[in-house]
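*Asks:* Take a look at the letters that make up each chain.
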Amino acid sequence: MPGDEGWLVRDVSLTVAAGEVVGVAGLQGSGNSELFGGIFGAYDSAVEGKVWLDGEPFAVRSPKHSIANGMAYLTNDRKATGLVLEHGVAQNITMASLRGVSVGGWLSGTKESEAVARRVSEFSIKTTSVVSPVASLSGGNQQKVVLAKWAETRPRVLLLDEPTRGVDIGAKHEIYELLASWAARGMAIMLITSDLQELLALSDRIIVMHRGRISAVFTRGEATPERVLTAAMGECA
Amino acid sequence: MRALLAKPWVRALSALLFVFIVGMICNADGAFLRWGTHRDMLRQVSVYGILACGMTLVIVTAGIDLSVGSVLGLTAVLFSTLALQAGWPAYLAILACVSAAVLCGLCSGGLIAYFRVQPFIATLAMMVFARGLAKSISSGQKVTSAVQDADGSYSYAGLPDIYGIIDHKILADNIAVVTLVFLVCVAGCWVLLERLRWGRYLYATGGNEEAARLSGVPTRYAKLLAYGLSAGLAAVAGICQAVQEQQGDPEAGGSYELTAIAMVVIGGTGLSGGSGGVIFTLLGALTIGYVDKILSINAVGESSRLMLTGAIIVIAVLLQRSRK
Chain A
1 MPGDEGWLVR DVSLTVAAGE VVGVAGLQGS GNSELFGGIF GAYDSAVEGK
51 VWLDGEPFAV RSPKHSIANG MAYLTNDRKA TGLVLEHGVA QNITMASLRG
101 VSVGGWLSGT KESEAVARRV SEFSIKTTSV VSPVASLSGG NQQKVVLAKW
151 AETRPRVLLL DEPTRGVDIG AKHEIYELLA SWAARGMAIM LITSDLQELL
201 ALSDRIIVMH RGRISAVFTR GEATPERVLT AAMGECA
Chain B
1 MRALLAKPWV RALSALLFVF IVGMICNADG AFLRWGTHRD MLRQVSVYGI
51 LACGMTLVIV TAGIDLSVGS VLGLTAVLFS TLALQAGWPA YLAILACVSA
101 AVLCGLCSGG LIAYFRVQPF IATLAMMVFA RGLAKSISSG QKVTSAVQDA
151 DGSYSYAGLP DIYGIIDHKI LADNIAVVTL VFLVCVAGCW VLLERLRWGR
201 YLYATGGNEE AARLSGVPTR YAKLLAYGLS AGLAAVAGIC QAVQEQQGDP
251 EAGGSYELTA IAMVVIGGTG LSGGSGGVIF TLLGALTIGY VDKILSINAV
301 GESSRLMLTG AIIVIAVLLQ RSRK
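So the protein lines, in turn, are chains A and B. Position one of the first sequence corresponds to residue 1 (the numbering used here), numbered consecutively onward. Position one of the second sequence corresponds to residue 1 (the numbering used here), numbered consecutively onward.
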């Protein structure tokens, strides 16, 4: 993946099984966020590398193409790249799945309001109305709107970059439960979080990146905060 | 009351209502009370209003289209050349004009979507280019049905039927056909923005382009659609103008883009994109139309009218800002 100073991510190879949560640790600039973006097609096809989905080679083309093939990408900055803040809760929830709530080119009001009502109750999103601007919601509820948006695309592979950033404790625990239930239902989840305790608690395996390369891989049993941090600093564990 | 006033459509409607009440008071010895005054206002506002519909689509995507006035001039010339001089049947002439205009729109839209040129710059370039093309097609002259006879004098050939159809008033002379064309354009844009999936794409693109792109919204095609339709509607306006004037003036539509933008902004569609709608633009168009009409029936000179219109735009924008 070319960046301004050569490569942002190099020689990274990893697999995620259905129902597995793989944590991708790394400090700022380690390239883990860029890795997610690259796999998802956020840089369109300006990346080199190979992706296999269900054993089939998958051509990275665009976010649209990846979504159509069951991928979802929660970015680490919901205000800048996750939500349209002045748009309503409903409009944000269906933004990535408008084909699913339309017939031909026409939006179906009933399909849309059904889908939105289902997600609002499933994620217990607290809002005065589904047309209230997302900007008026708390951080935790905003993040749940982003998760609801991706759930609505019915993904098989979830790339989650800091899903609990700027989220209150209560909502954090709801998100943890959600991830566990998604994994139990067979979704493959890749997770970035700067909260080390959270990473250790949620991940079945942890891949540590340093300066664009993998510096260590730990199973759940092997991983300790010290070992992950040492590897993230680039020292051999 | 405050919450009610914060609603964009209430503000747009109250501005129109305010202007209307002023008209009732300054009714110029009852001139404002006659339907004919309103009919003429509606007719005069229609060409601008059609441009404003397309402008709304572009502004919703957080863009701007400065080329609509020039594209109007280009299509007015092209239509007159084809229909009056080349003798093309009306439907073919209309088709050719709309296609040529859409091509212009796709050019500026393509520059914006694929080459990341600022909308202001790309459409400014198209504004200059289309004006030049209009002048080159018409050799800088007004295109009319005049033919020079052998003795050097001019006579006017008959106008094709389409001129009679568009430049006509229906329902017992109570409404002009161009006004109906304007209302059809409003309805079409409303359906696109409120009822079609692609309308949602336009709003999402304007609201937060990066979030929309990462959510799989085809933001580039959405921009192409907006600029293409804006230019296509400019062609409709250009044909209406050519028919009303019974000629193709290469200078037609000069500074019309600014009136169209003013109509959109006064209606309450924010230039930052992602909000507003075409019904607001309809209200904005009527507001500007009534202001102009009230001033003209009260015999206020054009210079004062322009200054007052400028002041009204500022007031409308300031009101919009105080809402946030």
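These aren't lab readings, by the way, just hints derived from the structure by calculation. Glycine residues also receive a C-beta, built at the ideal position from the N, C-alpha and C atoms. Where hints are given, some of them may not hold.
Quick list of in silico lysine-lysine cross-link-like pairs, BS3-like style, CA-CA up to 25 Å [to be verified]:
1) A/Lys126 / B/Lys7
2) A/Lys79 / B/Lys142
3) A/Lys50 / A/Lys126
4) A/Lys79 / A/Lys126
5) A/Lys126 / A/Lys111
6) A/Lys64 / A/Lys79
Here are the computed distance ranges between Cβ atoms for each label pair [stated by the list, open to error]:
7) A/Arg154 / B/Met307: 54 to 60 Å
8) B/Glu302 / A/Arg165: 33 to 39 Å
9) B/Val317 / A/Leu27: 41 to 47 Å
10) A/Gly29 / B/Gly310: 27 to 33 Å
*Asks:* Against each hint, give a clear statement of whether it holds in the structure.
*Replies:* Quick rundown of the hints versus the structure:
no.: 1; hint: A/Lys126 / B/Lys7; result: holds, 23 Å
no.: 2; hint: A/Lys79 / B/Lys142; result: violated, 53 Å
no.: 3; hint: A/Lys50 / A/Lys126; result: violated, 41 Å
no.: 4; hint: A/Lys79 / A/Lys126; result: holds, 18 Å
no.: 5; hint: A/Lys126 / A/Lys111; result: holds, 21 Å
no.: 6; hint: A/Lys64 / A/Lys79; result: holds, 20 Å
no.: 7; hint: A/Arg154 / B/Met307: 54 to 60 Å; result: holds, 58 Å
no.: 8; hint: B/Glu302 / A/Arg165: 33 to 39 Å; result: violated, 58 Å
no.: 9; hint: B/Val317 / A/Leu27: 41 to 47 Å; result: holds, 46 Å
no.: 10; hint: A/Gly29 / B/Gly310: 27 to 33 Å; result: violated, 51 Å
Violated hints, listed in ascending order, are 2, 3, 8, 10; each of the other numbered hints is respected by the structure.
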